[in-house]
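4 protein chains.
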Amino acid sequence: MINVGIVGGTGYTGVELLRLLAQHPQVSVKAITSRSEAGVKVCDMYPNLRGHYDTLAFSEPDAKALGAMDAVFFATPHGVAHALAGELLANGTRVIDLSADFRLRDADEWSRWYDQPHGAPELLEEAVYGLPEMHREKIKTARLIAVPGCYPTAVQLGYLPLLEAGLVDPSQLIADCKSGVTGAGRGAKVASLLAEASESMKAYGAGGHRHLPEIRQGLGDMQPNPVGLTFVPHLTPMIRGIHATLYSTLTAEPGDLQALFEQRYANEPFVDVMPAGSHPETRSVKGNNTCRIAVHRPSNGNTVVVLSVIDNLVKGASGQAIQNLNLMFGFDEHMGLNAPALMP
Amino acid sequence: MINVGIVGGTGYTGVELLRLLAQHPQVSVKAITSRSEAGVKVCDMYPNLRGHYDTLAFSEPDAKALGAMDAVFFATPHGVAHALAGELLANGTRVIDLSADFRLRDADEWSRWYDQPHGAPELLEEAVYGLPEMHREKIKTARLIAVPGCYPTAVQLGYLPLLEAGLVDPSQLIADCKSGVTGAGRGAKVASLLAEASESMKAYGAGGHRHLPEIRQGLGDMQPNPVGLTFVPHLTPMIRGIHATLYSTLTAEPGDLQALFEQRYANEPFVDVMPAGSHPETRSVKGNNTCRIAVHRPSNGNTVVVLSVIDNLVKGASGQAIQNLNLMFGFDEHMGLNAPALMP
Amino acid sequence: MINVGIVGGTGYTGVELLRLLAQHPQVSVKAITSRSEAGVKVCDMYPNLRGHYDTLAFSEPDAKALGAMDAVFFATPHGVAHALAGELLANGTRVIDLSADFRLRDADEWSRWYDQPHGAPELLEEAVYGLPEMHREKIKTARLIAVPGCYPTAVQLGYLPLLEAGLVDPSQLIADCKSGVTGAGRGAKVASLLAEASESMKAYGAGGHRHLPEIRQGLGDMQPNPVGLTFVPHLTPMIRGIHATLYSTLTAEPGDLQALFEQRYANEPFVDVMPAGSHPETRSVKGNNTCRIAVHRPSNGNTVVVLSVIDNLVKGASGQAIQNLNLMFGFDEHMGLNAPALMP
Amino acid sequence: MINVGIVGGTGYTGVELLRLLAQHPQVSVKAITSRSEAGVKVCDMYPNLRGHYDTLAFSEPDAKALGAMDAVFFATPHGVAHALAGELLANGTRVIDLSADFRLRDADEWSRWYDQPHGAPELLEEAVYGLPEMHREKIKTARLIAVPGCYPTAVQLGYLPLLEAGLVDPSQLIADCKSGVTGAGRGAKVASLLAEASESMKAYGAGGHRHLPEIRQGLGDMQPNPVGLTFVPHLTPMIRGIHATLYSTLTAEPGDLQALFEQRYANEPFVDVMPAGSHPETRSVKGNNTCRIAVHRPSNGNTVVVLSVIDNLVKGASGQAIQNLNLMFGFDEHMGLNAPALMP
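Protein chains in written order, with the UniProt record's numbering: chain A, 1 to 344; chain B, 1 to 344; chain C, 1 to 344; chain D, 1 to 344.
Same shape as in the complex, but just chain A (with noise of 0.2 Å):
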């Protein structure tokens, strides 16, 4: 039994670890932290809760309590984490952060996309990027994890195997994805509200979004050469889920796409190949940690196009930060994350 705390427990990632780590048996969530909201009992903002935590409530960052834990996880808006994340790790903390703070191994390009200098630049070297299926071995010995982003783990797993085979041109990639609205996050906002975001859908940032470059750093680690990627994400009406739909052009032929993508993640254990032909559908991933793809190749032409669905919040952000944990700390990399996904 492992004790962790939860940095800036408010947002939506927040809400999401604790309804997991619920059911997880090795973990007992000890603190949560949110300046706004100290004092209130975690049940009383989030009712689905009663019954579960019954007695923890918010309280101010304490660098020193959450020093005492075995893991703090970081569900805080970007610069939080490169504050606090240094003193956490020195007092022989384990730090996985669900923030951008230490996806990008560029500090300059971090800069950049989040108009600020970066505050930890020290602790990239040491950074994991927290996608398993790219990195499970580093992550198992990791101290600092970066977890992925909600579309940069669609995507990355989408592509993963037509990069690493090296059948397409990975200067003429487009990401086409939808997300629901709780990628938005929980802030009030107009846009957000159901009368404004319902029975409607709409792109955003087609000019260019901050998970372009992280992106584009994890495919270029697919591979050796440079990466051409349009990404457009699209605001969808729904609560959860991410459709990414992924084109790429072959440059050789393919042989068996089917089967290179089966290969490739048998033994994943949160990434699902559907059966040839298939169309995943977001709802099949609701509140679970699975990845769902399917591989198409229209007419049997020279684009390839990849469906990849996750659930923003579990996959694309909090059960994705557990499935780290677990293999930090050398649990099953399932535990907790068992239930399957709500569907209808």
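The hints are simulated quantities; they were obtained by calculation from the structure and are not laboratory data.
Mixed in with the good hints there might be a few duds.
List time: in silico DSS-like cross-link candidates among lysine-lysine, alpha-carbon distance up to 30 Å [claimed, not checked]:
| no. | chain 1 | residue 1 | chain 2 | residue 2 |
| --- | --- | --- | --- | --- |
| 1 | A | Lys-41 | C | Lys-189 |
| 2 | D | Lys-189 | B | Lys-189 |
| 3 | C | Lys-30 | C | Lys-64 |
| 4 | B | Lys-189 | D | Lys-41 |
| 5 | A | Lys-30 | A | Lys-64 |
| 6 | A | Lys-138 | A | Lys-30 |
| 7 | B | Lys-30 | B | Lys-138 |
| 8 | C | Lys-30 | C | Lys-41 |
| 9 | B | Lys-30 | B | Lys-64 |
| 10 | D | Lys-41 | D | Lys-140 |
| 11 | D | Lys-30 | D | Lys-41 |
| 12 | A | Lys-189 | C | Lys-140 |
| 13 | C | Lys-189 | A | Lys-189 |
| 14 | A | Lys-41 | A | Lys-138 |
| 15 | D | Lys-64 | D | Lys-30 |
| 16 | B | Lys-64 | B | Lys-140 |
| 17 | D | Lys-189 | B | Lys-41 |
| 18 | B | Lys-30 | B | Lys-140 |
Only part of the chain C face toward chain B is listed, based on derived beta-carbon distances under 7 Å [what the hints assert, rightly or not]:
| no. | residue |
| --- | --- |
| 19 | Gly-207 |
| 20 | Pro-226 |
| 21 | Met-335 |
Just so we're clear, the structure is a prediction, and the values are computed from it rather than from any experiment.
Note that the Cβ used here is the ideal one computed from N, Cα and C, for glycine as well.
Put chains B, C and D on the given structure of chain A with help from the hints.
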């Protein structure tokens, strides 16, 4: 470990049984029947079950195979359990019927509401109405359980403390109920299409609904006087959830209503009385077996308003069925029903 | 052709006035005010208005400019019309107030519910409550109209035939109402986010809601006895629409209720009594000024159930405001309000 | 004033014709046919039409009665217009076919995609493809119009300026399209239930969709080279709306793309080029005949991204059909199509 079968597994209560039982450490689903889908693997129909039931397939109903089970759930239209329950019971198999077949103690009344003769009146005396908050001790030794309907569960749990205490007039009850569309089942009906049922609200069955006699019978069991109930169900544009808004007229000075409810349900694992002044949301029980209740007395007047929410597929069907099974087989009442609701 | 202004045009009732008035052949919108958005073109904020109002921009409120209009609509929070209406009326400009400022005839009661002194009690005597089905003749000559609230419109139109005919007990009324989320306005509140409000149902204000005294006053005007009303509003996961389910107790043998309703509303252009046995859907009035009503008497008992649906932004606000304007200026009552509801 | 008939009026495009034509001052709907609903009044099936079509009832299809009309709309499954169009044309009745029957110029290709022989190849030469932005002059004198499909309309209008100007490679086009569920029609299919299709996103037809050859033909008409198009449609949890996200590769320095689009559509009444940097929302055209378009060139690279939104039932079907009728009969092109979109 016990072996169970499910008759009629293609509907929403069937797949919900599979979803929940996937997490039950003492139950193994050995058979699931469907005439129309015989031979199809359940995970091909419900991709959320991939990785949980990779070999289980629908089979033709077969009384002999089912009779080898410790328990059989009926997730069928009315009439089916009438035909099969007797033979199963004779084989020593316990029967948990999610349909309406054994809910009404009066076979004639059943016939009037369901427009057909009752198929197994000889079993009515032994059937136990599976509302643990009313009949826990009988359930423990029952062989045949009639799982309450979804509306009846929400309505009865909301009125129970008031009627048992004799505080309200049982002849003037009004239950205004709102249900998500899974309450209408998985049948392909135009009125249940997203294009028809979303962005809209409507009542139905204002002139009389099949759940009315069941509710009336249950409320009658709580106190000695005749029950007069107006019950109006409404179709709500959401997948899951029932919200019952229950009106009653005080016949005496009630004292502390909040305390009354809290005390009545103090030891109930799946009824949560919310703090005074609360308005429970259906999403706080999405995927979960809890009934959350709040009690209000507007302007300190003579009308009491009880707000009672459940997930129609869980506490209103499959979850309650498993709660009954746990009681019947001596398992912890929570077993397989531990996960917090999915929120957001 | 008359010229009108709109004060406070950034909210949902403001944009709905613009949408409807774009089709009105006798009205030209010459000014629309908003402190926060002054200088912004309305079609930049509301792209559905592109091509309809290509030059109209929000301006600072200016009593002189507004005083040059034939009529001014207030689509503002409470208190604003108090401050400006008197000056406009003195200039000969007619005022149609969509806020609550002039709905209650009793200034003290207004102060209690809105927690501030009434800002224009001297205008109360002249203000006309703009429910045409009750006050058509007075509206025609009014200078100051208090447009009814959304819930009050649905509830009053539903009870009107019963109370006028003296058939039900006015001291035992129960109005269970369900509203889409635009009823909560365009403010950026967490509870109104799609991620919070969709896939869920909840009551609110069960202990007392500001529309209660307005409804009570209106029902009191229909018959001579004291009104006892329990009013419970619910938030429903849809954009527009109110469904009022209205319960009352018969005090006499009612005769033909269907005929009673049909006769009372035979000449009302915007009240549609549905055929006996109907259950009106809110979507049948989406974007439209009609109130559709059905009346039921379950099991031929003592309880009458009236189902009354409106679009909260149209008959519940901006459409009814235009209906009032049509009456005040001698236009055809339908003018600008002809389009059928958007369905599906 | 002209008289029109509608063949197959029970589906969504049929009722949408009725909704829009209720506002058309020069059109009277004299007949609407449906075998399954013959005798039923349209306002009994679609209560939003109460007060607009109080006597019109569905009738059995009757070529003689239809032949007395000035124009007949076909809102039917494919194959029906093949059988009837010839006879109507011979009677001097103009035919506006919303189905796919006359969209493809090549009867053999039609047969391949629709798995049946083409029923009226002799009419293909005279049929005019009813996309006014491409074929306005031909439409004005046409007797037989093939109204474009919903996806084809959104995709063609988005690519048109780029292809006409020869700026992009027509052999490498990718159209990622998202549609509301009315695109699947009013048939009672399990996959279209609210309980199945809401809170989820999925692609379909990734291997080939019937709109593909129609789009290919249209794009081919815009420029001289062979078209290579990958088209992936997605089902989106909303009632109405298509969002097409269109990718293409520049073959030359394009100059000012924004100006190119604005100039191409400067005189088009139903194409709205949004300001540079915009992301059009489908709700901005809900119920409205406009196509709103934005053009992006991410990072000033070689990929152009066009965002194109329509209401699938209006510009994607019934509204465009009426736009064609207006052109054919010399009415103002806007007639009956003036109302702003319903937003929120």
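Hints versus structure:
Restraint check for Lys-41/A and Lys-189/C: the C-alpha separation of about 21 Å stays at or below 30 Å, so the hint holds. Under the criterion of a C-alpha separation no larger than 30 Å, the hint pairing Lys-189/D with Lys-189/B is consistent with the structure, at around 7 Å. Of the pairs offered as hints, the one joining Lys-30/C and Lys-64/C holds, with about 13 Å between alpha carbons and a cut-off of 30 Å not exceeded. For the hint linking Lys-189/B to Lys-41/D, the alpha-carbon distance of about 21 Å falls within 30 Å, and the restraint holds.
For the proposed pair Lys-30/A and Lys-64/A, the alpha carbon gap of about 13 Å is at most 30 Å, so the pair holds. For the hint pairing Lys-138/A with Lys-30/A, the CA-to-CA distance comes to about 27 Å; that is within 30 Å, so the pair holds. Straight-line distance between C-alpha atoms of Lys-30/B and Lys-138/B comes to about 27 Å, which keeps the hinted pair within the 30 Å bound. Pair hint Lys-30/C plus Lys-41/C holds up; C-alpha atoms about 13 Å apart against a cutoff of 30 Å.
Of the pairs offered as hints, the one joining Lys-30/B and Lys-64/B holds, with about 13 Å between alpha carbons and a cut-off of 30 Å not exceeded. A C-alpha spacing of about 33 Å is found between Lys-41/D and Lys-140/D, which places the hinted pair above 30 Å, so the restraint is violated. Annotation: proposed proximity of Lys-30/D to Lys-41/D holds, straight-line Cα distance about 13 Å (limit 30 Å). With a CA separation close to 41 Å, the supplied pair Lys-189/A and Lys-140/C exceeds the 30 Å bound.
At most 30 Å may separate the alpha-carbon atoms for a hinted pair to count; Lys-189/C and Lys-189/A meet this at roughly 7 Å. For the given pair, Lys-41/A sits about 36 Å from Lys-138/A by alpha-carbon distance, which is inconsistent with the 30 Å threshold. For the given pair, Lys-64/D sits about 13 Å from Lys-30/D by alpha-carbon distance, which is consistent with the 30 Å threshold. Note on Lys-64/B and Lys-140/B: the hinted pairing holds, with a Cα-Cα distance of about 25 Å set against a maximum of 30 Å.
For the given pair, Lys-189/D sits about 21 Å from Lys-41/B by alpha-carbon distance, which is consistent with the 30 Å threshold. Our distance criterion of 30 Å between C-alpha atoms is met by Lys-30/B and Lys-140/B, whose separation comes to about 23 Å. A least Cβ separation of about 6 Å between Gly-207/C and chain B falls short of the 7 Å threshold, and the interface hint therefore holds. Hint on Pro-226/C is violated. Least Cβ distance to chain B is approximately 12 Å, over the 7 Å limit.
Interface hint status for Met-335/C: violated, as the beta-carbon distance to the closest one in chain B is roughly 27 Å, over 7 Å.
When held up to the earlier numbered hints, the structure conflicts with 10, 12, 14, 20 and 21 and fits the remainder.
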